[in-house]
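Protein chains: 2
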Amino acid sequence: MRSRIIPALLCCLVPLSLLASPLSEKVRQHRVAHEQELVAEYREFLTIPNVDADQTNVRRNAEFLRAMMIRRGLAAELLEGKTSATNPAVFAEVRVPGATRTIMFYAHYDGQPVNPKEWATGLDPWNPVFLTASLAKGGKIVDGWKPGDAINPAWRLNGRASADDKAGVFSILNAYDALVKTGGRPTVNVKFIFEGEEETGSPHLGEIMELHRAKLQSDLWIICDGSRHVSGRKLVVFGVRGDVNMNLTAYGAKRPLHSGNFGNFAPNPALRLVSLLASMKDDNGKVLIKGFYDDYVQFSESERIAVKEASFTDTALLQELGLKQGEVPGRSLLDGFELPTLNINGIASANVGKTATNVIPSTARVTLDLRVVLGIDWRRQVGRVTEHMQAQGWHVIDREPTDAERAQFAKLIKVEFEPGYNAQRTPLSLPIAQAVIAAVQSTTTEPVMKLPTAGGSLPLSIIVETLGVNVITVPVANYDNNQHAENENMRVDYLWEGMETFAALMTMP
Amino acid sequence: MRSRIIPALLCCLVPLSLLASPLSEKVRQHRVAHEQELVAEYREFLTIPNVDADQTNVRRNAEFLRAMMIRRGLAAELLEGKTSATNPAVFAEVRVPGATRTIMFYAHYDGQPVNPKEWATGLDPWNPVFLTASLAKGGKIVDGWKPGDAINPAWRLNGRASADDKAGVFSILNAYDALVKTGGRPTVNVKFIFEGEEETGSPHLGEIMELHRAKLQSDLWIICDGSRHVSGRKLVVFGVRGDVNMNLTAYGAKRPLHSGNFGNFAPNPALRLVSLLASMKDDNGKVLIKGFYDDYVQFSESERIAVKEASFTDTALLQELGLKQGEVPGRSLLDGFELPTLNINGIASANVGKTATNVIPSTARVTLDLRVVLGIDWRRQVGRVTEHMQAQGWHVIDREPTDAERAQFAKLIKVEFEPGYNAQRTPLSLPIAQAVIAAVQSTTTEPVMKLPTAGGSLPLSIIVETLGVNVITVPVANYDNNQHAENENMRVDYLWEGMETFAALMTMP
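Protein sequence lines correspond, in order, to chains A and B.
Per our numbering, the first sequence starts with residue 850, numbered consecutively.
Per our numbering, the second sequence starts with residue 850, numbered consecutively.
This is chain A alone, in the form it adopts within the complex (with noise of 0.2 Å):
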């Protein structure tokens, strides 16, 4: 008994500094010297908003970033596309004598848009607090905090973009910085590109790379995005999926109507809608439509056994999400990730609650996601979308309708999507692959974790088609870290693990 026992304590009571490797240390001791300095920095960085619309301040955020790597001693500067409706990228390079690889880090500044409405009482997207746990474990704001005070690493810090995808920028940037400044330097040529435009699908992403291709010229792209594994175990990500979004708009009486006097009479586009909607998906998480799942490439026996070690029993996972089940009962989280989605994002007709008033609406809306992975084109997934749109007895249209529409057909409905773009998965048995993996190990006693694709989506493809070049994600946020929603935060300590993690990346053999 007392032998089994033993190690167990052991563990426990050695600090895990003294298992990491000598650069880790270096890092945090460097950290820990300069957390107060860090902190206000990425503090400030968060007050700008980052919307992408909002093009102002993202130029401000352009701005913030160039000056942050400037003062780390980097010739930074603003990559800019081919008009005033590119947001710019952000970039420079360190090139070191004797290297022979080249590795572009890649993060992006911009942020989903936020609702500040839906944030929790006190949190504003705006203005980054600190919580002492998430929200969802009773997380309360630290009161009093003040610039100076000690900072627990297990806090979270929150606001839009702490985790997604400021932290990324953070991780990176302060990995070199600490880097240089503890007497090291990178074994390969550093280049950095922070983007301005990943949360509306990387508009012009393919016209910075033509614009500037030299400059962007890498061995491997290295993307520091997305949440580490739910077990909290650091995580190599080779590939991500694609993304697309339709936004659909069904039609009913051109005016709100009462729902007594015409009630029976006026169809209700809500109604329709919600039909359409649910021909679409089956309440066992199954797709409808036609075609939506041919031509997908299945995962290869290599990525089946990466996923299978990265799995975990859902149990916990659920009962943290308040689930009785998944989706599919029995499928678990990594293995839907082989699979295209269909989700909805949101819907709107009129009001509902307190605000809402007995009305035929008008009009109904909904916003759907569609995430294809390798094999599916997402031009190709929205054209099956529409088809079953028009199979279901549904007149397409891309504006507003004419009388002439509304007379002749009795169901309209309005599509609108932004381009999209495919998935993107780099083999895990590429040398360079298996020396990224080696890299992460290194900063960690645990089991680094591997997946093939991500369940999210970045615009990888578009750099693997324009540059030829390798694309590999190595994430630093927690997995619950309310991306793309409301409370978004960061955990404290993920930020400091980021940095030890980036240094090691730019330190490879």
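Since the hints were made in silico from the structure, they are not lab data.
The reader is advised that the hints may include incorrect statements.
Any copy will do: because identical chains look the same in the list, a pair fits if it lies in one copy or spans two.
Unchecked claim - Lysine-lysine pairs mimicking BS3-like chemistry, simulated, CA-CA at most 30 Å apart: (1) Lys-1203 <-> Lys-966; (2) Lys-1103 <-> Lys-1135; (3) Lys-1040 <-> Lys-1263; (4) Lys-1103 <-> Lys-1173; (5) Lys-1203 <-> Lys-1103; (6) Lys-1263 <-> Lys-989; (7) Lys-1139 <-> Lys-1103; (8) Lys-1103 <-> Lys-986; (9) Lys-966 <-> Lys-1064; (10) Lys-1263 <-> Lys-966; (11) Lys-966 <-> Lys-989; (12) Lys-1135 <-> Lys-1173; (13) Lys-1263 <-> Lys-1203; (14) Lys-1103 <-> Lys-1263; (15) Lys-1157 <-> Lys-1103; (16) Lys-986 <-> Lys-1173; (17) Lys-1135 <-> Lys-1263; (18) Lys-1157 <-> Lys-986; (19) Lys-1040 <-> Lys-1064; (20) Lys-1135 <-> Lys-1203; (21) Lys-875 <-> Lys-1040; (22) Lys-1157 <-> Lys-1173; (23) Lys-1173 <-> Lys-1263; (24) Lys-1263 <-> Lys-986; (25) Lys-986 <-> Lys-1040; (26) Lys-995 <-> Lys-875; (27) Lys-989 <-> Lys-1103; (28) Lys-995 <-> Lys-1139.
Given chain A, put chain B in place with the hints provided.
Leaving out everything else, chain B in the frame of chain A:
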């Protein structure tokens, strides 16, 4: 040919005033002489917000209304409920020597909630302005109009409650005033009651009637609410549907989830809710909930005849509404009044369009409106909808789910409703019903339309059940007044004609 043209021309050339009764003519002359004062007072009345939950402002309305009545020589008083939770009714009475009948004139001074963002540019629910015509027909704000300027009777007055139902208050009080000021007097004992809670289903009207039973006794209540016939003809309505709203909230995970990271794993409550809603009603407008149409009392033969007289081809209405066909192709608007309804008043989950984010929402909400007809109890109808949800595998709760419930039930739905009320119908054959029809007919050369029931709802069953009186409705608003929605508006000429109608009703033989 000539003989066919001349009468048509004559009809257009002869002022309508020459065809109306001497009483109507007197009321009209009085109105023309006092138009500016009437409009000034009415516009001021409309500026006071009257949403039920805003009790402070609702009481300001009540006080304003009492002052209006006092200015007309009426000893008006507020009828309070048991607690301050009740918005007061405003009451007065006029005893007429020799009168054998007592008639209560009812309107309500509260209004539906507003979402000012949904109102057209330049229109404000609480700042009444004139429009040249309905917005749907290209109406514009009458720029530069100021008190004292001429008022075109073809204009509309825009603002919350301009039609529903402060127009009722306007018609009743100004009919009485014009009658008295022109040397006439009522032939019946006249009582006035103006309610302040109709738009939330008159939750305390029964209480007020209990507390003030003696004052509220009469032979007949005449309700001024709703809208005239689609043709513009005057209308008498002998019943209403009952009504109850249900608010449903479907639950997914405890927090919104990234649609990529959790897509194909976490159930989407919006998708589950649309599936439930789609199961409630088919594409042909038939409600599929078990027993939904049971027990309803069909129209009698005389009621069917009245409906047939009031019927009209739907072609122009459909065109005006921008619809190819009704919910049930071939079923007319009025035929649908015989049946109960199931309507989606509004639906909401996360955000759509430009503010949408790639999330699996944590909740999805819908507000349903159930209209009931004679023979169907609203409580029973709510029960049928609830049983339908249970039959579809939903666990129904009446508050937020506990962790234990989340762990136990895959499909959780919160059901909330405020008390509703039942339908009411007064037989057309009663002598007092015939007297009302005759009085309204005396004010117009066009045939008066009769409807056994309105499509809409008023809590008339409460009056009938509590006081044992008959109830008949005489509407004054234009049918396209946008009541309960944005851009509510009232035709100016219909305000004027409402005065004439109610003066005739106060002088019934």
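Intra- versus inter-copy proximity for Lys-1173 and Lys-1135 (alpha-carbon distance at most 30 Å): Within one copy only: 19 Å inside a chain, 34 Å across chains, cut-off 30 Å.
30 Å Cα threshold - placement of Lys-1173 relative to Lys-986: within (18 Å within a copy, 53 Å between copies)
Alpha-carbon proximity between Lys-875 and Lys-1040, which holds within one copy, between copies, both or neither at 30 Å: within (22 Å within a copy, 89 Å between copies)
Status of Lys-1263 relative to Lys-1040 across identical chains (alpha carbons, at most 30 Å): Neither: 43 Å inside a copy, 53 Å across copies.
Intra- versus inter-subunit Cα pairing at 30 Å for Lys-1103 with Lys-1173: between (42 Å within a copy, 12 Å between copies)
Up to 30 Å CA-CA - Lys-1103 versus Lys-1139, copy category: neither (32 Å within a copy, 32 Å between copies)
Within, between, both or neither, where Lys-1203 and Lys-1103 count as close if Cα-Cα is 30 Å or less: both (24 Å within a copy, 22 Å between copies)
Alpha-carbon proximity between Lys-989 and Lys-1103, which holds within one copy, between copies, both or neither at 30 Å: between (47 Å within a copy, 17 Å between copies)
Within, between, both or neither, where Lys-986 and Lys-1040 count as close if Cα-Cα is 30 Å or less: neither (39 Å within a copy, 61 Å between copies)
Same-copy or cross-copy closeness of Lys-1103 to Lys-1263 [CA-CA at most 30 Å]: Result: close within a single copy only, 14 Å intra versus 32 Å inter.
Up to 30 Å CA-CA - Lys-1064 versus Lys-1040, copy category: within (9 Å within a copy, 86 Å between copies)
Status of Lys-1203 relative to Lys-1135 across identical chains (alpha carbons, at most 30 Å): between (35 Å within a copy, 28 Å between copies)
In summary, the structure is inconsistent with hints 3, 7, 9, 25, 28 from the numbered list given earlier, while agreeing with the others.
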